[in-house]
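Asks: Residue numbers (UniProt numbering), protein chains in the order written: chain V, 1 to 215; chain U, 1 to 215; chain Z, 1 to 215; chain S, 1 to 215.
I should point out that these hints are in silico values taken from the structure, not numbers from a laboratory. Each hint should be verified, as a subset may be incorrect.
Put simply, identical chains are the same to the list, so a pair is met inside one copy or across any two.
[Stated by the list, open to error] Listed next, the in silico EDC-like pairs over lysine to aspartate or glutamate satisfying Cα-Cα at most 20 Å (straight line):
| # | residue 1 | residue 2 |
| --- | --- | --- |
| 1 | Lys160 | Asp99 |
| 2 | Lys46 | Glu93 |
| 3 | Lys117 | Asp86 |
| 4 | Lys117 | Asp99 |
There are 4 protein chains.
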Amino acid sequence: MKLLVTGFDPFGGEKINPAWEAVKELPDTILDSEVIKLEIPTVFNKSAEVVKEAINNHKPDVVLNIGQAGGRFGITPERVAINMDDARIPDNEGNQPIDEVIQKNGAPAYFTQLPIKAMVEGVKAAGYPASVSNTAGTFVCNHIMYQVQYMIATEFPNVKGGFIHVPYIHEQVVTKASMPSMSISDISKALEATLVKIVELKDQNDLKLVGGAEH
Amino acid sequence: MKLLVTGFDPFGGEKINPAWEAVKELPDTILDSEVIKLEIPTVFNKSAEVVKEAINNHKPDVVLNIGQAGGRFGITPERVAINMDDARIPDNEGNQPIDEVIQKNGAPAYFTQLPIKAMVEGVKAAGYPASVSNTAGTFVCNHIMYQVQYMIATEFPNVKGGFIHVPYIHEQVVTKASMPSMSISDISKALEATLVKIVELKDQNDLKLVGGAEH
Amino acid sequence: MKLLVTGFDPFGGEKINPAWEAVKELPDTILDSEVIKLEIPTVFNKSAEVVKEAINNHKPDVVLNIGQAGGRFGITPERVAINMDDARIPDNEGNQPIDEVIQKNGAPAYFTQLPIKAMVEGVKAAGYPASVSNTAGTFVCNHIMYQVQYMIATEFPNVKGGFIHVPYIHEQVVTKASMPSMSISDISKALEATLVKIVELKDQNDLKLVGGAEH
Amino acid sequence: MKLLVTGFDPFGGEKINPAWEAVKELPDTILDSEVIKLEIPTVFNKSAEVVKEAINNHKPDVVLNIGQAGGRFGITPERVAINMDDARIPDNEGNQPIDEVIQKNGAPAYFTQLPIKAMVEGVKAAGYPASVSNTAGTFVCNHIMYQVQYMIATEFPNVKGGFIHVPYIHEQVVTKASMPSMSISDISKALEATLVKIVELKDQNDLKLVGGAEH
Chain V
1 MKLLVTGFDP FGGEKINPAW EAVKELPDTI LDSEVIKLEI PTVFNKSAEV
51 VKEAINNHKP DVVLNIGQAG GRFGITPERV AINMDDARIP DNEGNQPIDE
101 VIQKNGAPAY FTQLPIKAMV EGVKAAGYPA SVSNTAGTFV CNHIMYQVQY
151 MIATEFPNVK GGFIHVPYIH EQVVTKASMP SMSISDISKA LEATLVKIVE
201 LKDQNDLKLV GGAEH
Chain U
1 MKLLVTGFDP FGGEKINPAW EAVKELPDTI LDSEVIKLEI PTVFNKSAEV
51 VKEAINNHKP DVVLNIGQAG GRFGITPERV AINMDDARIP DNEGNQPIDE
101 VIQKNGAPAY FTQLPIKAMV EGVKAAGYPA SVSNTAGTFV CNHIMYQVQY
151 MIATEFPNVK GGFIHVPYIH EQVVTKASMP SMSISDISKA LEATLVKIVE
201 LKDQNDLKLV GGAEH
Chain Z
1 MKLLVTGFDP FGGEKINPAW EAVKELPDTI LDSEVIKLEI PTVFNKSAEV
51 VKEAINNHKP DVVLNIGQAG GRFGITPERV AINMDDARIP DNEGNQPIDE
101 VIQKNGAPAY FTQLPIKAMV EGVKAAGYPA SVSNTAGTFV CNHIMYQVQY
151 MIATEFPNVK GGFIHVPYIH EQVVTKASMP SMSISDISKA LEATLVKIVE
201 LKDQNDLKLV GGAEH
Chain S
1 MKLLVTGFDP FGGEKINPAW EAVKELPDTI LDSEVIKLEI PTVFNKSAEV
51 VKEAINNHKP DVVLNIGQAG GRFGITPERV AINMDDARIP DNEGNQPIDE
101 VIQKNGAPAY FTQLPIKAMV EGVKAAGYPA SVSNTAGTFV CNHIMYQVQY
151 MIATEFPNVK GGFIHVPYIH EQVVTKASMP SMSISDISKA LEATLVKIVE
201 LKDQNDLKLV GGAEH
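Please build the complete structure, drawing on both the sequences and the hints.
Replies: As structure tokens, this is what we get:
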């Protein structure tokens, strides 16, 4: 089994992007499954092109994108991606779509194929806070989750896709009042726990499938 | 123009449901548009039947459902409803669907037809906190929002539908630590501000339409 | 019985100060006790001079100062004032003491003479969130609470003093993300509930007296 | 220079107390200063007796007590301890003082002799969130901080005392919704950063001294 795990490149003048730093620290193999790590641009559409090229090159069984949602208290696998870009701030190339459809022929939303509730339990068993999230927002994170699902619906029917939001890291909240944070190392260990569950349950999906290509 | 506004009945042994109390305090007319107020059961499916009957009886132009999301800091119009019931607790008749599709032939999600960003601005101009929400959860609130959208997609193409989550009221947080709250009266005034915007902008929708019957 | 209740004047270029607006809305008489309302400057030391003059003029039995602590979720009577000014921002006249003793001959701290737990219960019974606070901070709020206590310790032994922090009002959080708020009118009603308790329990103090003039 | 650092024993049926676990992981020497680690009981008065015995045995220059304040977002050195026990729950031996004076002959409050602002800066420079706190509460944490200060005021004039509150650890919040947390290892590294500052600035105190024996 092959797992493609992505993290965004540094955003808005920052030197590092914690999501990518945590992905980089993942082991190269999890339960005999290969982990391919990929840094992707924090840019609408271009992020999707980079992922698509990697899917074509590596033929992964699973695509898991990781992004940061400052303010969250734990590891939050996303349930659903919606067909909507709505950016409060520009991406790394200055794009700022407002209430734009991502794919005109895409479904209004796609649900993840990953066992998100088992992944949450796996993180908790490893000693870290986690919960299922029902929104990936409307910025580049939801965008890439949606785009991967659209690729699955249209081109790669055997791939499973999903997205996980992670909290701020400690260094980022030093100048912020009252914001939860985790270390890169702990985020990475928690992500590893989700990958273990994905591999263990590769034949299961704890969401009844809805909203696939039939819509 | 006719506005059908609903609130849920008391839930889980409570004597009142704040959402319905706030709806009851709305004026009967807003900018010459009639406001029809309806209490609906906090029950999967049955809530939808009650709304459907009211749509058939009253022929409203707009259906706006109101529910409570304890923990939110202001008035939050919802952007999207997803085709998924996932209840952590039972509804008022003991139903507790887990990861269930709401409508097998429904779209994975429906976006509201209401001008949610203008509604948020209307509430703020009236002096109350508000923001667009991208998730109505997976309990009865998302359920009724989804069901109304499904009715619109399949039976009532001229109706506009939407949902607003409101915070706890003050009385509810007296025994809770550190939870935001508003008075019923203030919630009602804020809801009125959203209805004014809906009437004023009846020919507009600030989301580009996606995910309708074509999917 | 005479109650002197103060609120600060507008701070930092604001047009209104919610604490004073809430005080202004208090009734003039509570359970036959006269309520004297006084706006005081948001200025170290000068605020204390204004209160002292009012004590000399009105001979109140109780001095209750009201201030705002943005971020608090309810009405929070303060237990204790400490002998320390430490201002992160300048007051309305540009004073910004850092780790300064307020009164060289004062006690390190003074506990309120008011029945703060009963006051909290009174607010809750009126339907609003409330809790005892153990810190009034180190800005002008703690300063005036401390100064009144110092006056009581040194000049007005029959006066009872205390301080209540109130949350943001709704209008203030319209541009702030995720901050709790109450309306001026609700804050005022909650403050009235504390005054009722003060009058009812005028011969009681639910803190065993410590740290008075003997130190 | 000798540093006595304490952590509480497990409380309320828990198997570990994170504060003590973090203390245990501290190095034995910091900048040539010896670090003596002591587990103390989560019990009013008895905790103070244990610390006093250790002061007599080890003759430390600094006594730093560590405790947990669930809900805090970072490392929070305390500014002041107040002469007040007020326990919402019983301690480990069933004591539950309500509004009780700790020391009849003690000052109403004592300020720490430690350079708390420099300690905060040290933690931030190490990459962890931190801020000065103005209340240690009214449970065993404030109690031990007060008692150590009382000992300093009455018996050990050359000792410097202080207290630091630390957040929940990750394992503790797995079953709690939306609570900030840090790993034991990160808490320990942050505490080490405060000790470095204490040693470096052993001749400084960034609070002007107030409320000592002279009152």
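Asks: Work down the list of hints and note, for each, if the structure agrees.
Replies: Hint check:
1. In this assembly of identical chains, the alpha carbons of Lys160 and Asp99 lie at most 20 Å apart only when taken from different copies (18 Å versus 27 Å within one copy).
2. For the homomeric pair Lys46 and Glu93, the shortest alpha-carbon distance inside one copy (10 Å) is at most 20 Å, but the shortest distance between copies (48 Å) is not.
3. For the homomeric pair Lys117 and Asp86, the shortest alpha-carbon distance between copies (12 Å) is at most 20 Å, but the shortest distance inside one copy (27 Å) is not.
4. Taking the closest pair of Cα atoms, Lys117 and Asp99 come within 20 Å of each other only across two copies (10 Å); inside a single copy the shortest separation is 30 Å, beyond that limit.
Figure legend: structure checked against the earlier numbered hints; every hint is met.
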